[in-house]
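Enquirer: Take the sequences, apply the hints, and build the full model.
Protein sequence lines correspond, in order, to chains Y and V.
Going by the working numbering, the letters in the first sequence line up with residues 1 to 192, in that order.
Going by the working numbering, the letters in the second sequence line up with residues 1001 to 1085, in that order.
Hints were generated in silico from the structure; no laboratory data involved.
Only a predicted model underlies this, so the values are computations on that prediction, with no experimental measurement involved.
Each hint should be verified, as a subset may be incorrect.
[As the list claims (entries may be wrong)] Straight line, CA to CA, 20 Å or less: simulated SDA-like cross-link-like pairs of lysine to any residue:
id, chain 1, residue 1, chain 2, residue 2
1, V, Lys1056, Y, Arg131
2, Y, Lys134, V, Glu1057
3, Y, Lys87, Y, Ser124
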Amino acid sequence: MTRKEQKEKTRAGLVGQAETLFALNGISSTTTADIAKALKVSHGTLFVHFSTREDLIKAVVDEFGEKLSTALGARCSSDLKLRDLLKAHLSVLAEYEDFYMRLVSESQSLPPHIRSILYSMNASLSYRFYRAAKAEMDKGVIKKMTQVHFFNTWMGLVHYYILNRDLFSERTPILVEVGEDLLRHFFHLIKT
Amino acid sequence: MKPKCESCNSCGMPLESKEDFALGDTSSVYCKYCVDNVGQLLPYDTILKNNAHYYKESQGLTEQAATKMAKDLLKTLPAWKNVGV
Ligand SMILES: [Zn+2]
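Expert: As structure tokens, then:
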């Protein structure tokens, strides 16, 4: 392995380890020392790759964001139907559910820049979903409603189940357990 | 592996298709919303306003919350690293 490959491997290891510990113990209660220790690298090594703790959190969030935008048909193939978009959204959230639950539950105490990235990702989702929804509203298939109401209703439903997942399912990810049911219910609500 | 998504150096918007780029020029580091009709980067205040609008329109944030969030977002983007703090 070349030095460069070794460096990339360590960086990826740190991002993966950070995600695991954030998911397990929460974002604000996980220190950079915890992450370095779990990966068996020195604390100094971590700072060679990420100059601040915030940079490391950002790397985990960015990875999640890229998965999301790939799954939702970024790069031209944006003609996915509403149902497929929402399905893809659920499946990426399910994949990142342990970490995502922390992001949502700790939203108000996240570093402000991280929070602004999270809500910027949500803005992209909102535009993407609403573009697909608008097409179906125009055809009279689903009810006309504002972009904010449409998006926040969907997010409200999904987040409620994620935040209380211990109450609604014995198994995780809860979105694998209840995702299809939520999707069916959401379409029941919005259809004309 | 898919190529990493590029994003606008001014507002962070993903640059996914040719039309997203400033003047449709895929070598640009900016999106179409961040430049004027000759491809010049718009002033910080305009970008800040546009970005705040983006948060408001998509999710219903208040003017104040949206502006703060836009400031927090722009702070670390290459075009505005040392501006507007
Ligand atoms: Zn831009």
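Enquirer: Hints the structure violates: just list their numbers, smallest first.
Expert: Of the numbered hints given earlier, the structure breaks none, since each of them holds.
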